[in-house]
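Sequences are here, hints too, so could you generate the full structure?
Going line by line, the protein sequences match chains S and Y. FYI, in full-length UniProt numbering the residues of the first sequence are 1 to 587. FYI, in full-length UniProt numbering the residues of the second sequence are 1 to 587.
No lab work stands behind these hints: they were computed from the structure. Heads up, some of the hints might be wrong.
Since the list gives no way to pick one copy over another, a pair counts as held whenever it fits inside one copy or between any two copies.
Here are the simulated lysine to aspartate or glutamate pairs, EDC-like style, with alpha carbons at most 20 Å apart [what the hints assert, rightly or not]: (1) Lys257 <-> Glu319; (2) Lys299 <-> Glu358; (3) Lys253 <-> Glu91; (4) Lys34 <-> Asp56; (5) Lys253 <-> Asp357; (6) Lys299 <-> Asp55; (7) Lys395 <-> Asp406; (8) Lys395 <-> Glu358; (9) Lys299 <-> Asp56; (10) Lys395 <-> Glu74; (11) Lys393 <-> Asp268; (12) Lys395 <-> Asp457; (13) Lys299 <-> Asp489; (14) Lys395 <-> Glu407; (15) Lys34 <-> Glu156; (16) Lys253 <-> Asp55; (17) Lys395 <-> Glu486; (18) Lys299 <-> Glu486; (19) Lys299 <-> Glu497; (20) Lys393 <-> Asp489; (21) Lys393 <-> Glu486.
Number of protein chains: 2
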Amino acid sequence: MSTPSNASTPARNSAPAGAGTGITTGAISAAHHKQYLTGSRDDLRVPVRTVHLTDDSTVRLYDTSGPYTDPAYEVDVRRGLPPIRDPWIDERGDTERYDGRIAALGVLPGAPVVRPRRATGGTAATQLAYARRGVVTPEMEFAAIREGLSPETVREALAAGRAVLPANINHPEIEPMLIGKDFLVKVNANIGNSAVTSSIEEETDKLVWAIRWGADTVMDLSTGDDIHTTREWIVRNSPVPIGTVPLYQALEKVNGKPEALTWELYRDTVVEQAEQGVDYMTVHAGVLLRYVPLTARRKTGIVSRGGSIMAAWCLAHHEENFLYANFRELTEILRAYDITYSLGDGLRPGSTHDANDEAQFAELTTLGELGRIAREMDVQVMIEGPGHVPMHKIKENVDLQQEICDEAPFYTLGPLTTDIAPGYDHITSAIGAAMIGMWGTAMLCYVTPKEHLGLPDRDDVKAGVIAYKIAAHAADLAKGHPTAHEWDDALSDARFEFRWQDQFDLALDPDTARAFHDETLPAAPAKTAHFCSMCGPKFCSMRISSDIRAYAAARGVDEESARTDGMREKSAEFAAQGGRVYLPLAD
Amino acid sequence: MSTPSNASTPARNSAPAGAGTGITTGAISAAHHKQYLTGSRDDLRVPVRTVHLTDDSTVRLYDTSGPYTDPAYEVDVRRGLPPIRDPWIDERGDTERYDGRIAALGVLPGAPVVRPRRATGGTAATQLAYARRGVVTPEMEFAAIREGLSPETVREALAAGRAVLPANINHPEIEPMLIGKDFLVKVNANIGNSAVTSSIEEETDKLVWAIRWGADTVMDLSTGDDIHTTREWIVRNSPVPIGTVPLYQALEKVNGKPEALTWELYRDTVVEQAEQGVDYMTVHAGVLLRYVPLTARRKTGIVSRGGSIMAAWCLAHHEENFLYANFRELTEILRAYDITYSLGDGLRPGSTHDANDEAQFAELTTLGELGRIAREMDVQVMIEGPGHVPMHKIKENVDLQQEICDEAPFYTLGPLTTDIAPGYDHITSAIGAAMIGMWGTAMLCYVTPKEHLGLPDRDDVKAGVIAYKIAAHAADLAKGHPTAHEWDDALSDARFEFRWQDQFDLALDPDTARAFHDETLPAAPAKTAHFCSMCGPKFCSMRISSDIRAYAAARGVDEESARTDGMREKSAEFAAQGGRVYLPLAD
Numbered sequence: 001m002s003t004p005s006n007a008s009t010p011a012r013n014s015a016p017a018g019a020g021t022g023i024t025t026g027a028i029s030a031a032h033h034k035q036y037l038t039g040s041r042d043d044l045r046v047p048v049r050t051v052h053l054t055d056d057s058t059v060r061l062y063d064t065s066g067p068y069t070d071p072a073y074e075v076d077v078r079r080g081l082p083p084i085r086d087p088w089i090d091e092r093g094d095t096e097r098y099d100g101r102i103a104a105l106g107v108l109p110g111a112p113v114v115r116p117r118r119a120t121g122g123t124a125a126t127q128l129a130y131a132r133r134g135v136v137t138p139e140m141e142f143a144a145i146r147e148g149l150s151p152e153t154v155r156e157a158l159a160a161g162r163a164v165l166p167a168n169i170n171h172p173e174i175e176p177m178l179i180g181k182d183f184l185v186k187v188n189a190n191i192g193n194s195a196v197t198s199s200i201e202e203e204t205d206k207l208v209w210a211i212r213w214g215a216d217t218v219m220d221l222s223t224g225d226d227i228h229t230t231r232e233w234i235v236r237n238s239p240v241p242i243g244t245v246p247l248y249q250a251l252e253k254v255n256g257k258p259e260a261l262t263w264e265l266y267r268d269t270v271v272e273q274a275e276q277g278v279d280y281m282t283v284h285a286g287v288l289l290r291y292v293p294l295t296a297r298r299k300t301g302i303v304s305r306g307g308s309i310m311a312a313w314c315l316a317h318h319e320e321n322f323l324y325a326n327f328r329e330l331t332e333i334l335r336a337y338d339i340t341y342s343l344g345d346g347l348r349p350g351s352t353h354d355a356n357d358e359a360q361f362a363e364l365t366t367l368g369e370l371g372r373i374a375r376e377m378d379v380q381v382m383i384e385g386p387g388h389v390p391m392h393k394i395k396e397n398v399d400l401q402q403e404i405c406d407e408a409p410f411y412t413l414g415p416l417t418t419d420i421a422p423g424y425d426h427i428t429s430a431i432g433a434a435m436i437g438m439w440g441t442a443m444l445c446y447v448t449p450k451e452h453l454g455l456p457d458r459d460d461v462k463a464g465v466i467a468y469k470i471a472a473h474a475a476d477l478a479k480g481h482p483t484a485h486e487w488d489d490a491l492s493d494a495r496f497e498f499r500w501q502d503q504f505d506l507a508l509d510p511d512t513a514r515a516f517h518d519e520t521l522p523a524a525p526a527k528t529a530h531f532c533s534m535c536g537p538k539f540c541s542m543r544i545s546s547d548i549r550a551y552a553a554a555r556g557v558d559e560e561s562a563r564t565d566g567m568r569e570k571s572a573e574f575a576a577q578g579g580r581v582y583l584p585l586a587d
Numbered sequence: 001m002s003t004p005s006n007a008s009t010p011a012r013n014s015a016p017a018g019a020g021t022g023i024t025t026g027a028i029s030a031a032h033h034k035q036y037l038t039g040s041r042d043d044l045r046v047p048v049r050t051v052h053l054t055d056d057s058t059v060r061l062y063d064t065s066g067p068y069t070d071p072a073y074e075v076d077v078r079r080g081l082p083p084i085r086d087p088w089i090d091e092r093g094d095t096e097r098y099d100g101r102i103a104a105l106g107v108l109p110g111a112p113v114v115r116p117r118r119a120t121g122g123t124a125a126t127q128l129a130y131a132r133r134g135v136v137t138p139e140m141e142f143a144a145i146r147e148g149l150s151p152e153t154v155r156e157a158l159a160a161g162r163a164v165l166p167a168n169i170n171h172p173e174i175e176p177m178l179i180g181k182d183f184l185v186k187v188n189a190n191i192g193n194s195a196v197t198s199s200i201e202e203e204t205d206k207l208v209w210a211i212r213w214g215a216d217t218v219m220d221l222s223t224g225d226d227i228h229t230t231r232e233w234i235v236r237n238s239p240v241p242i243g244t245v246p247l248y249q250a251l252e253k254v255n256g257k258p259e260a261l262t263w264e265l266y267r268d269t270v271v272e273q274a275e276q277g278v279d280y281m282t283v284h285a286g287v288l289l290r291y292v293p294l295t296a297r298r299k300t301g302i303v304s305r306g307g308s309i310m311a312a313w314c315l316a317h318h319e320e321n322f323l324y325a326n327f328r329e330l331t332e333i334l335r336a337y338d339i340t341y342s343l344g345d346g347l348r349p350g351s352t353h354d355a356n357d358e359a360q361f362a363e364l365t366t367l368g369e370l371g372r373i374a375r376e377m378d379v380q381v382m383i384e385g386p387g388h389v390p391m392h393k394i395k396e397n398v399d400l401q402q403e404i405c406d407e408a409p410f411y412t413l414g415p416l417t418t419d420i421a422p423g424y425d426h427i428t429s430a431i432g433a434a435m436i437g438m439w440g441t442a443m444l445c446y447v448t449p450k451e452h453l454g455l456p457d458r459d460d461v462k463a464g465v466i467a468y469k470i471a472a473h474a475a476d477l478a479k480g481h482p483t484a485h486e487w488d489d490a491l492s493d494a495r496f497e498f499r500w501q502d503q504f505d506l507a508l509d510p511d512t513a514r515a516f517h518d519e520t521l522p523a524a525p526a527k528t529a530h531f532c533s534m535c536g537p538k539f540c541s542m543r544i545s546s547d548i549r550a551y552a553a554a555r556g557v558d559e560e561s562a563r564t565d566g567m568r569e570k571s572a573e574f575a576a577q578g579g580r581v582y583l584p585l586a587d
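Below, the structure is given as C-alpha cells:
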C-alpha cells in the first residue's frame, strides 16, 4: 500500500487548483477515505472518515475536518464553504433577510454580499424551540447520524436543555454537532490574533489545522486590529461552530478602557457578530459587583480576561454588571439568531490554590439562575468551568455545576491539575480534562503548550488538539459510550497482529506514529516485521504471546483443560516440534 | 540576573575537567543551587535544590539529580560516584566481602576492583529487618530528611511493609529514597540498549539525563550485547536505585530460547546482578501455568516481556513457573544483598479491552501470597501494576492491590487510558498515572512518546520524565501531601506578580518555559513586563486583577464592606483618579 509523506508537517497548498492562502488539505493518511452518510433527505450528507485496513476491514471515525479533507472539494477560502443549511433554514420560514449593520464589512474580498438573517418578528428560531415543539430539524438529524443515535434521542436532550446544538442561522456552512453529556465529549480549540503577533491568513489556516486534528468547535479570540475581517474569514471557512467573547471586541472599541464600556456599545457588538454568524458567545454575566471582593484574598485574583474586564467596570461604576442587568434583552438578541450562550466563569481559579473557593461557586449560582432565564426564552445554554483545579477537587465542580445549572452542558478549560509545569500545560490540563470529561463535562476547551507563556503556533495548536482528543476519547471510554471502544479495539488488534500500516492509519496522528517508528527502523520490511523496534526480533512479547495463542488454538487448549492439567501431553507435543516460539522473520 | 543558555538541549561536557563521555552536568537554571541538609552525622548529607527568587525568597525542591548538578563535584564516569553508604554498611557489621563470580568483569576500565559484599552467614542485612528491630539506619534518616518527615515515621512504614527503601549493599553510591503511599509519589524511567540500537555511553548519558529531570529510580532493561558492562556503568554512576529484570539477561544466555531457561541459570544471573549492586528486581513469579490459558481469549494476549517468556517456558515444560517453585531460595539471595522485590505483573493487560480481567487479577492474588513470604523472610517488596486501563477501571486496581497485597507499595506502568494515540502515550498514560497516584500508587513507571513504536532517545526520555513528574506531583497535591502545594503556590505568586524569571526558574523544565516565552516576546524587557505575550499589554487579566487588588487593599475594601454596599464612595474615588487600571509599561 502506498502511503503519504510521513513528514510531521504535511505540505501546504496540496489542494486542487483554486486553493487560497496556504490551507492544509487532503487526507491525513492515504487509507483515510471521506464518506458521507445520507439522512432522510438528499441534502443531508453527514461526513465520516473511513479507515481502510489491510485485512480488508474498515473502521468508521467521527470526522470534524470539513470539506478540506475531501479530495473532491475545491477549496477557495475567499469564497468560503457552501451554505449547506440554507435550504433547511429557508424551509422553516421563520426568518427574514435584512440589511445588516455593517454588511459591506462582513464579506470576503470578491465574495457576493449576503444579507444577514434574523427571526421574523421576535419568534424563537432556535433549535431549542423546535425541540420543545417536538420538531426534529435537519440539523438534529445530521447531528444524530454523526453520533450514531436516533434523532428523537437528540431532540429530547436538546428540549431538556441537557445538550446544545450551536448553529447561528447566519452560519449556514456548519456541519451540525452536539454538545452534551449524553454524547461524545467534544473539544474546542482557541485561535485568534492578538495585539502582539499573528495575521488573518495564519488564523484561517489555524482553524483548518485545528479541525483537521479533531477540534469540534473553534473560538476566535482575536483582540487585535482587523478583528471583524479576521472573524469573517474564519466563519465563512468554518464547518464547525465558532465561538467568540464579544466583550473583547467591545473593549477594542473603547481603546481598552473597561470603565468606558456601555451596554449599548456591547449590544451593538453582539448584533454585529450575530450577523456574521457566530454560533456561541461567552458572556461574563455572572461576575456580580458583590462577588469581586471575594477574589481579593486569592493567590491569583481574576484570571479570566472577560471576568477581569467586567470586575474593573463594576468597581469603576459601582454598578451591577451590565450584562447581568440587561440579560433578558441580550437573550432576545441571541434568540433572534439562534446563538448559544456560553455563560462564562469570569471568576474561575487561576491557580490550584484558588480552586473551588467562594468566589467561584458564588458565580456558578448566578450562572444557574441566568441559564434558567435563557432557556425559558428558548435560548440554548452551556456553562463554562475552570481553570486550575487539583484532582481531588475536580468532581465537585461537575457535580455542583450539574445540580445548580439543571444539567446544562458543562464546558471546561482543562482544568490544569498543577501549576508547576509551564511549557507542558497541555499535559497538566489533559489530566484534568479527561477526569472532568469522565464525570460529565460535555466539551473541553484545549490548552496548548504555550499557555501562560506565549501565543500558540501551528505546532502548538496541533499538540493542544491531540492532547485534548486523547482526554475526550479516554472520557468516552470511561463513560461507557457504546461505540467508543471500537477504535481502541481495532488499533489493539492491529498491534497484536503486527499490522504496522494499520496501527499508523488508526492512530490519532498517523504522521507522528509513522515518523517515530521510522526513526528506529526505517527500512520498509520493518513495517511487516513480526516484532517492534523496542525489543527486537528475539524478545517480542507480542510475538511470543501470539505464538502461545496459536499453539493453544491449534491444539484445543482452553481454560478448562489447563485447569484440569490436561496440557501435559500437549506440552510434549510442543517440545517435540522444537518448542519453537519464534518464527523466521517475514520479509 | 544572568541566566544560562535557554537552548532546549544544554551543552554536554560542560562539567569541570575530568568529565567523561558526554554527560550533561551543571545546574538546570542559574537560580538553582545545590545544597545539602545534614542529619545526625556529618557524612549524612541530603541533597536539595534551592531556587533563589528575585524577591529574595527561596523555594526548596526535592532533588534526584545527584552530584551531576553540583558544580563542586568533578564528574568521572570511569571512576563512578563516591560510595557514600560504605561507612554506614561497614558500621552495621553484618556483611562480608568475598570474591564475586565475575568480579573482574564487573568494574569499569581503569577503576579499582571492588569485591562485593553479602550478608554474613544468612543474616538479613535488609532495611526491613532493621526497621522491624526498631533501628533507624542512616539510610532511613537520609530518606526521612528528603521527605521532610521524622525518621521514626519512615521506620514504621518500612517495618509495616507499606514502604520500601531499595538499597543493595553493593550500591553504596545511592542517595537513599522511599517508595510508599505515605510519601511523595515517585517516578521510574526505563533505559537500556536493545538488540537493535544504542550504545553503552548513550545509556549512561540517558541515566544522568533522566535523573536530571526528576527520575527517582531507573530501570536498566538492556537486552543486547555487553549487558553486564552496560549495567556496570549505569550502577556505578547512579545516585538513584537501579532496577532490572534478570530474566532478560538470563534469556540472552540461552540465545533467546525461553524453553532452555533453567532455575540454576536464572539464579546465577541474579547473583551476578546482586554483586553489581542492582537495588530492585522485577520477578515474574506470579505467571502460573494455570493462568496462561486465561489469556487466550484476550485481544492482546501477554504483553509483558517477562510474562510472555515465563508463559512460554511453562507451556513448553508443562511445569510450574520456576520462579514460583523456587521463590524461597530466590528470596534468600535477595535478602543477602538487600535487594527489593518488584513482583512483576506478567499478565498485565496490553489494551484497554483486556483490563481488569481474570488473568490479571488471578496473578495479583499470587503476587499477594509471594509478598507475604518475602516479608516474612525480611525482604522488601513492591508490586507491579498495569498497563492499559480505561479510567473507570483504574481505582479498582489500586484498591484490590492494596487489599490483596497488604498495602505493599504499588508500582504501575501508566496506565494508558486509551489505545488510539501511538506517538503520544506519555500523555495517554500520564492521565492514568496521575489518577492511580492519587488513589495510592507509590511509584509510576514512565512511558515515553516512543512507546509501541521505537526506542526512546534523549528527547523522549525527557518528555517521558516530565510528563510523569507532572502526574506524580498532581497526585501529591490531590493526596494532600503537606508540602506539595508550596511549589505550585510559589509559581502562582510569581505568575500573578509578573516575575517572569521566577516563573522560569520554578518551572519543572525552565529551559522550555523560557524558550517558549522568548519565541513570542524575545526582547529582554519583556521579562519584566507587566503582561504576558498572550494578550498583550492592554488585555492582561492578571494585570487588571492585580490593579483591583491594589485598589481594594489601599482603600480598605474587603468582602464585608462590599457586601454591605460600602463601596459606592470608594468607586467615586477610583473614578476621580482617572479609573486607571493600566499602568505605564515598566521597562
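_Please sort Lys395 with Glu486 into within, between, both or neither, judging by C-alpha distance up to 20 Å._
neither (27 Å within a copy, 23 Å between copies)
*When no copy is specified for Lys299 and Glu486, does a C-alpha distance of 20 Å or less occur within a copy, between copies, both, or neither?*
between (44 Å within a copy, 12 Å between copies)
*Intra- versus inter-copy proximity for Asp55 and Lys299 (alpha-carbon distance at most 20 Å)*: between (57 Å within a copy, 16 Å between copies)
*Check Lys395 against Glu358 for me: Cα-Cα at most 20 Å, and say if that holds within a copy, between copies, both or neither.*
within (17 Å within a copy, 30 Å between copies)
_Identical-chain pair category, Lys253 with Asp357, by Cα at 20 Å_ = The answer is neither: 33 Å in one copy and 61 Å across copies each exceed 20 Å.
*asked:* At most 20 Å between alpha carbons: which applies to Lys393 and Asp268, within, between, both or neither?
replied: neither (39 Å within a copy, 51 Å between copies)
*Intra- versus inter-copy proximity for Asp56 and Lys34 (alpha-carbon distance at most 20 Å)*: within (17 Å within a copy, 59 Å between copies)
*Quick one: Lys299 to Asp56, C-alpha cut-off 20 Å, is that within a copy, between copies, both, or neither?*
between (57 Å within a copy, 19 Å between copies)
*When no copy is specified for Lys395 and Glu74, does a C-alpha distance of 20 Å or less occur within a copy, between copies, both, or neither?*
Answer is neither; intra-copy 46 Å and inter-copy 50 Å both fail.
*Is it within, between, both, or neither for Lys299 and Glu497, if the alpha carbons may be no more than 20 Å apart?*
between (53 Å within a copy, 10 Å between copies)
*Classify it for me, Lys395 with Asp406: is the Cα-Cα distance of at most 20 Å met within a copy, between copies, both or neither?*
within (16 Å within a copy, 29 Å between copies)
*How do Lys299 and Glu358 come out at 20 Å by Cα distance, when the copy is not named: within, between, both, or neither?*
within (13 Å within a copy, 48 Å between copies)
Checked against the numbered hints above, the structure violates hints 3, 5, 10, 11, 12, 15, 16, 17; every other hint is satisfied.
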